[in-house]
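> Given next are the chains, with one letter for each unit.
Protein chains: 2
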Amino acid sequence: MNVEFINPFLSSLINVLSTMAQTQLKPGKPRIKTDEIACGDVSGLIGMVGPQTRGSFSITFDEELALTIMERMLGERPDSIDEEVTDMVGEITNMVTGGAKNLLGEKGFDFDMATPIVVSGKGHTITHKSQGKKIIMPFSSDAGNANIEVSFDKL
Amino acid sequence: MNVEFINPFLSSLINVLSTMAQTQLKPGKPRIKTDEIACGDVSGLIGMVGPQTRGSFSITFDEELALTIMERMLGERPDSIDEEVTDMVGEITNMVTGGAKNLLGEKGFDFDMATPIVVSGKGHTITHKSQGKKIIMPFSSDAGNANIEVSFDKL
Numbered sequence: 001m002n003v004e005f006i007n008p009f010l011s012s013l014i015n016v017l018s019t020m021a022q023t024q025l026k027p028g029k030p031r032i033k034t035d036e037i038a039c040g041d042v043s044g045l046i047g048m049v050g051p052q053t054r055g056s057f058s059i060t061f062d063e064e065l066a067l068t069i070m071e072r073m074l075g076e077r078p079d080s081i082d083e084e085v086t087d088m089v090g091e092i093t094n095m096v097t098g099g100a101k102n103l104l105g106e107k108g109f110d111f112d113m114a115t116p117i118v119v120s121g122k123g124h125t126i127t128h129k130s131q132g133k134k135i136i137m138p139f140s141s142d143a144g145n146a147n148i149e150v151s152f153d154k155l
Numbered sequence: 001m002n003v004e005f006i007n008p009f010l011s012s013l014i015n016v017l018s019t020m021a022q023t024q025l026k027p028g029k030p031r032i033k034t035d036e037i038a039c040g041d042v043s044g045l046i047g048m049v050g051p052q053t054r055g056s057f058s059i060t061f062d063e064e065l066a067l068t069i070m071e072r073m074l075g076e077r078p079d080s081i082d083e084e085v086t087d088m089v090g091e092i093t094n095m096v097t098g099g100a101k102n103l104l105g106e107k108g109f110d111f112d113m114a115t116p117i118v119v120s121g122k123g124h125t126i127t128h129k130s131q132g133k134k135i136i137m138p139f140s141s142d143a144g145n146a147n148i149e150v151s152f153d154k155l
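Line by line, the protein sequences give chains A and B.
Mapping to my numbering: the first sequence position 36 is 36, numbers consecutive.
Mapping to my numbering: the second sequence position 85 is 85, numbers consecutive.
Just chain A, same shape as in the assembly:
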């Protein structure tokens, strides 16, 4: 898997969060994940299936960032990661993957998306179990950190 495959997810995420929540994410350096573990408090995950390959995408937020995004979108800040927050994380997961799907489709790389799943739990970790390389991309912002991770089989 080429690091270039992360870029459509990266630009889609930056676009979604600046549009929906007036939050500017600053991308860090993408890296091939080996035994590094990304840790967060609420994550959205989605499976992807296409004719050339299959894979998975995840986005993980610090609690602080997830709550701030909710506040900026809805004008009210939840006390904790409740159902409204997990709905929002599921929706962001769908939107970011959908945006990346459009960008990758223009390059002839097609996939269909499964439905998103949201995980919440203080300091959980996520491991993508595809056979391909795992690329992780950290983001920082004024309200906390996030990271995305993408993995496809056989690229």
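Source of the hints: derived by calculation from the structure; they are not laboratory data.
It should be emphasised that the depicted structure is a prediction, and the values quoted were computed from it without experimental measurement.
Using N, Cα and C, we set each Cβ at its ideal position, and we do this for glycine too.
Among the hints, a few may not be true.
Unchecked claim - With a straight-line cut-off of 30 Å between C-alpha atoms, the simulated DSBU-like cross-links for lysine-lysine are:
no.: 1; chain 1: A; residue 1: K107; chain 2: A; residue 2: K154
no.: 2; chain 1: B; residue 1: K26; chain 2: B; residue 2: K122
no.: 3; chain 1: A; residue 1: K107; chain 2: A; residue 2: K29
no.: 4; chain 1: B; residue 1: K133; chain 2: A; residue 2: K122
no.: 5; chain 1: A; residue 1: K133; chain 2: A; residue 2: K26
no.: 6; chain 1: B; residue 1: K122; chain 2: A; residue 2: K33
no.: 7; chain 1: A; residue 1: K33; chain 2: A; residue 2: K122
no.: 8; chain 1: A; residue 1: K122; chain 2: B; residue 2: K33
no.: 9; chain 1: A; residue 1: K29; chain 2: A; residue 2: K122
no.: 10; chain 1: B; residue 1: K122; chain 2: A; residue 2: K133
no.: 11; chain 1: B; residue 1: K154; chain 2: B; residue 2: K107
no.: 12; chain 1: A; residue 1: K122; chain 2: B; residue 2: K122
no.: 13; chain 1: B; residue 1: K133; chain 2: B; residue 2: K33
no.: 14; chain 1: A; residue 1: K133; chain 2: A; residue 2: K33
no.: 15; chain 1: B; residue 1: K122; chain 2: B; residue 2: K29
Unchecked claim - Listed next, with one range per pair, are the computed distances between beta-carbon atoms:
no.: 16; chain 1: A; residue 1: S11; chain 2: B; residue 2: D142; range: 44 to 52 Å
no.: 17; chain 1: A; residue 1: S80; chain 2: B; residue 2: D79; range: 25 to 33 Å
no.: 18; chain 1: A; residue 1: N102; chain 2: B; residue 2: Q52; range: 20 to 28 Å
no.: 19; chain 1: A; residue 1: E106; chain 2: B; residue 2: S18; range: 46 to 54 Å
no.: 20; chain 1: B; residue 1: C39; chain 2: A; residue 2: E84; range: 13 to 21 Å
no.: 21; chain 1: B; residue 1: K122; chain 2: A; residue 2: R31; range: 25 to 33 Å
What the hints assert, rightly or not - Here chain B is said to cover these stretches of chain A; the calculated rule only asks that three of the stretch's residues, wherever they fall, bring their Cβ under 8 Å from a Cβ of chain B:
no.: 22; segment: 51-58
no.: 23; segment: 78-90
no.: 24; segment: 120-133
Here the structure of chain A is known, so what remains is to put chain B in place on it, guided by the hints.
Just chain B now, kept in the frame of chain A:
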């Protein structure tokens, strides 16, 4: 979504764990999940995409059960949920979904599987964000509890 859709996952899981780890799981009562939250320590998740629908499947284990399965499969008990355990949970997720895919395919219900993702973290919770009903099925055993959850859009 009909509760009948859970049965292929149920029988596939029972079959996989009795074959691979000599562990008999006793199914509880399946239920439509509303705001009930299933909680566990290590989970395998996978997306499914088919011509009729798309959805997601998850299986969540207590740490005790996950470590016991490893012990029965490999003869050695890990101290904690390490990479070998998450690999095993990813593999079980693939095998259970693959078994259910075969059973459902015989009934004319086809889907392709994405690649599995494994989550670890004490007491995390999982929410499937499809538009369909979420069906949860608890299991008990001599070594701890597990539960599976399945959700498809538009059934």
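> All hints, please: hold or fail.
To see whether the hints hold, each was checked on the structure:
1. Taking the CA atoms of K107(A) and K154(A), the gap is about 17 Å. The hint holds against a cut of 30 Å.
2. For the hint linking K26(B) to K122(B), the alpha-carbon distance of about 23 Å falls within 30 Å, and the restraint holds.
3. At roughly 23 Å between alpha-carbon atoms, K107(A) and K29(A) fall within 30 Å of each other, so this suggested pair holds.
4. Between K133(B) and K122(A) the CA atoms are separated by roughly 27 Å; this keeps the pair inside 30 Å, and the hint holds.
5. Proposed proximity of K133(A) and K26(A) is supported: the alpha carbons are some 23 Å apart, at most 30 Å.
6. A hinted pair counts as satisfied when its Cα atoms are at most 30 Å apart, and K122(B) with K33(A) qualifies at roughly 23 Å.
7. Note on K33(A) and K122(A): the hinted pairing holds, with a Cα-Cα distance of about 21 Å set against a maximum of 30 Å.
8. Using a Cα cut-off of 30 Å, the hinted pair K122(A) and K33(B) holds, with the two alpha carbons roughly 23 Å apart.
9. Distance hint between K29(A) and K122(A) is fulfilled; the C-alpha atoms sit about 25 Å from each other, no more than 30 Å.
10. Using a Cα cut-off of 30 Å, the hinted pair K122(B) and K133(A) holds, with the two alpha carbons roughly 27 Å apart.
11. Of the pairs offered as hints, the one joining K154(B) and K107(B) holds, with about 17 Å between alpha carbons and a cut-off of 30 Å not exceeded.
12. Restraint check for K122(A) and K122(B): the C-alpha separation of about 8 Å stays at or below 30 Å, so the hint holds.
13. For the hint pairing K133(B) with K33(B), the CA-to-CA distance comes to about 7 Å; that is within 30 Å, so the pair holds.
14. A distance of roughly 7 Å separates the Cα atoms of K133(A) and K33(A); the hinted pair therefore holds under the 30 Å criterion.
15. Note on K122(B) and K29(B): the hinted pairing holds, with a Cα-Cα distance of about 25 Å set against a maximum of 30 Å.
16. Separation of S11(A) from D142(B) is about 51 Å and conforms to the stated range, judged on CB atoms against 44 to 52 Å.
17. Between S80(A) and D79(B) the beta carbons are some 31 Å apart, a value that agrees with the proposed interval 25 to 33 Å.
18. Between N102(A) and Q52(B) the beta carbon distance is about 23 Å. The supplied range of 20 to 28 Å therefore holds.
19. Under the hint 46 to 54 Å, the C-beta atoms of E106(A) and S18(B), about 48 Å apart, fit the expected range.
20. Between C39(B) and E84(A), the C-beta spacing of about 19 Å keeps the proposed range 13 to 21 Å intact.
21. Between K122(B) and R31(A) the CB atoms are about 27 Å apart, so this pair conforms to the stated range of 25 to 33 Å.
22. Under a criterion of three residues with beta carbons nearer than 8 Å to beta carbons of chain B, the stated coverage of the segment 51-58 of chain A is upheld, 4 such residues being counted.
23. Only when three residues or more bring their CB closer than 8 Å to a CB of chain B does the claim for the segment 78-90 of chain A stand; here the count is 4, and the claim holds.
24. Against chain B, the segment 120-133 of chain A contributes 12 residues with a C-beta closer than 8 Å to a partner C-beta. That satisfies the three-residue criterion, and the hint holds.
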